[in-house]
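Undergrad: Please build the complete structure, drawing on both the sequences and the hints.
Protein chains: 2
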Amino acid sequence: MTAAIKADWIAADWGTSNLRVWAMAHDGSVVAEACSDQGMGKLDRDGFEPAFLDLAGAWIDGPTTVIACGMVGARQGWAEAKYARVPCPATSDALSQATTKHPDLSVHIIPGVCQDSPADVMRGEETQIAGFLARNLNWDGVICLPGTHTKWVHVSANEIVSFQTFMTGEMFAAISQSTVLRHSVASEGWDDTAFETALSDTMSRPERLATNLFSLRAEGLLHDMSATTARARLSGLLIGAELAGARPYWLGQQIAVIGAGKISALYIKALGLQGVPATQVQGDSVTLAGLTAAYRRLKG
Amino acid sequence: MTAAIKADWIAADWGTSNLRVWAMAHDGSVVAEACSDQGMGKLDRDGFEPAFLDLAGAWIDGPTTVIACGMVGARQGWAEAKYARVPCPATSDALSQATTKHPDLSVHIIPGVCQDSPADVMRGEETQIAGFLARNLNWDGVICLPGTHTKWVHVSANEIVSFQTFMTGEMFAAISQSTVLRHSVASEGWDDTAFETALSDTMSRPERLATNLFSLRAEGLLHDMSATTARARLSGLLIGAELAGARPYWLGQQIAVIGAGKISALYIKALGLQGVPATQVQGDSVTLAGLTAAYRRLKG
Chain A
1 MTAAIKADWI AADWGTSNLR VWAMAHDGSV VAEACSDQGM GKLDRDGFEP
51 AFLDLAGAWI DGPTTVIACG MVGARQGWAE AKYARVPCPA TSDALSQATT
101 KHPDLSVHII PGVCQDSPAD VMRGEETQIA GFLARNLNWD GVICLPGTHT
151 KWVHVSANEI VSFQTFMTGE MFAAISQSTV LRHSVASEGW DDTAFETALS
201 DTMSRPERLA TNLFSLRAEG LLHDMSATTA RARLSGLLIG AELAGARPYW
251 LGQQIAVIGA GKISALYIKA LGLQGVPATQ VQGDSVTLAG LTAAYRRLKG
Chain B
301 MTAAIKADWI AADWGTSNLR VWAMAHDGSV VAEACSDQGM GKLDRDGFEP
351 AFLDLAGAWI DGPTTVIACG MVGARQGWAE AKYARVPCPA TSDALSQATT
401 KHPDLSVHII PGVCQDSPAD VMRGEETQIA GFLARNLNWD GVICLPGTHT
451 KWVHVSANEI VSFQTFMTGE MFAAISQSTV LRHSVASEGW DDTAFETALS
501 DTMSRPERLA TNLFSLRAEG LLHDMSATTA RARLSGLLIG AELAGARPYW
551 LGQQIAVIGA GKISALYIKA LGLQGVPATQ VQGDSVTLAG LTAAYRRLKG
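Chains as they are written, first to last, in the working numbering: chain A, 1 to 300; chain B, 301 to 600.
What the hints contain is simulated information worked out from the structure, not anything from laboratory work.
Any given hint could turn out to be false.
To be verified - Restraint ranges, calculated between C-beta atoms of paired labels, are given here:
(1) E33(A) - C335(B): 54 to 62 Å
(2) V461(B) - L251(A): 35 to 43 Å
(3) A473(B) - V30(A): 58 to 66 Å
(4) R45(A) - D492(B): 48 to 56 Å
(5) V461(B) - S36(A): 57 to 65 Å
(6) A260(A) - E380(B): 44 to 52 Å
(7) K269(A) - G441(B): 38 to 46 Å
Said to hold, decoys possible - Heads up, incomplete: computed chain B residues facing chain A, CB under 7 Å, no partners named:
(8) S478
(9) F514
(10) A544
(11) P548
Note that the structure is a prediction, hence the values are computed from the model and not measured.
Ideal Cβ positions, reconstructed from N, Cα and C, are used throughout, including at glycine.
TA: Spelled out as structure tokens, the structure:
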């Protein structure tokens, strides 16, 4: 018979699509972890507690604090955690407390960060940034967080100074799945040269994006361009246009790219081609560091 | 009892989404018309003849010629009508004949036009251009055909010299329906000022498209921007980026915009704001003129 797992506290990264939880010990080590597809996008307000207990309920034995970040703090989340406004530390102390029926549970949600002009918002990334800064005190530079909505974040003196979101990842999905290019773009496979050429095309001529997109279709019809090449080209066109728009963020800056996946590697490669060195940082690891830092501040 | 309608010949505009047919008299007048949603995208090769006869079968009384344009001539269409290559007249005589089991039917499909570099294709628009030129002999200038895939076509000496397709219409649909902006963008309604501001934003800074898109979401969350304003802004951002990319086509040119709908009016407005006068031309009317010109050439 194995001993039951008990959490001293529980860390939760709760985004639109997924819920990820860690059973934590007081010393900051991970005792157990679990995840499910019960993202905030699938739940109404009454659905959050059951979704959480399904995953982490067995770890609770006596009063337990939960620290959560991400879309769980949106207006339609478990409890709204109102945005902090830039310039601000990535680590807000104004956690929101969520209502729970469980007698032993105390749930605290980390607020997102907003910017008035240009209007922009983040939820979850601020916790990754806080985790990164907890490990790299007084680091100044730009943090790039690639994903569905890629963020470029200017960090200085342990504060988020400004940031800018690009819908690049979501445009890739919408264009490759919901337009005529679904016939032309493979769902996997890669072509480095095609990526680099396309990247350079839209970095220098970003205004040609919508016509370069249709060319992917025409190149397939007229010149038998492969669906794998089209996939790499589509990615290069979109990231190239983003790099052209984000130039004030990366030019002459020290860059950290947070994220483990293939997409972060593409950003690092693309930045490298511009002569900009960038360091890749594991996303999960800084998320957990940010949640841990918030727990420690809460417990004084 | 009414007399049965009889076509001397039948004109067909057969695109990806719809089939439109006209019963024509020898003198070029329209006797009757009909349409259905049996576009090429829904049909396999054996499906074309039944779909056509469902709509136009009752008009056939004795040997009848059909002239068709559009995606019906694609590789997956009723019969492939291979592209003519620019520079070329919009009016090719190399019609493809489709196989039919009907003893009285003779079906001819107008080929599309292609361009090697940059790779580009059109099917259907060439017939509208031919119809426009049949009415405006020796017209030199640029024809803009707004739609799912907007075309800019340089016409000189009755030939298509070059052209360029922008996926603007399809990007509008994919972004407003298949991304997070579906929560922010209304399905109807309008805001002229928002359209004009957004148009100007991406005309001058096309590289900011992907970040301006996310701003629509953030402006809604932070500043209560209405879904109607977001709709007009999205349209302005995409058309502005297109105009920036199509500048070599419209700058200092005489422009004809083919299309009756609201979308053509937006292009004319956008061009007008750049000081470029553009004439709006009814799309159906030039389609029919182009099909009629092809019929007359076939009959010598």
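Undergrad: Sort out which numbered hints this structure fails and list those numbers smallest first.
TA: 3, 4 and 11
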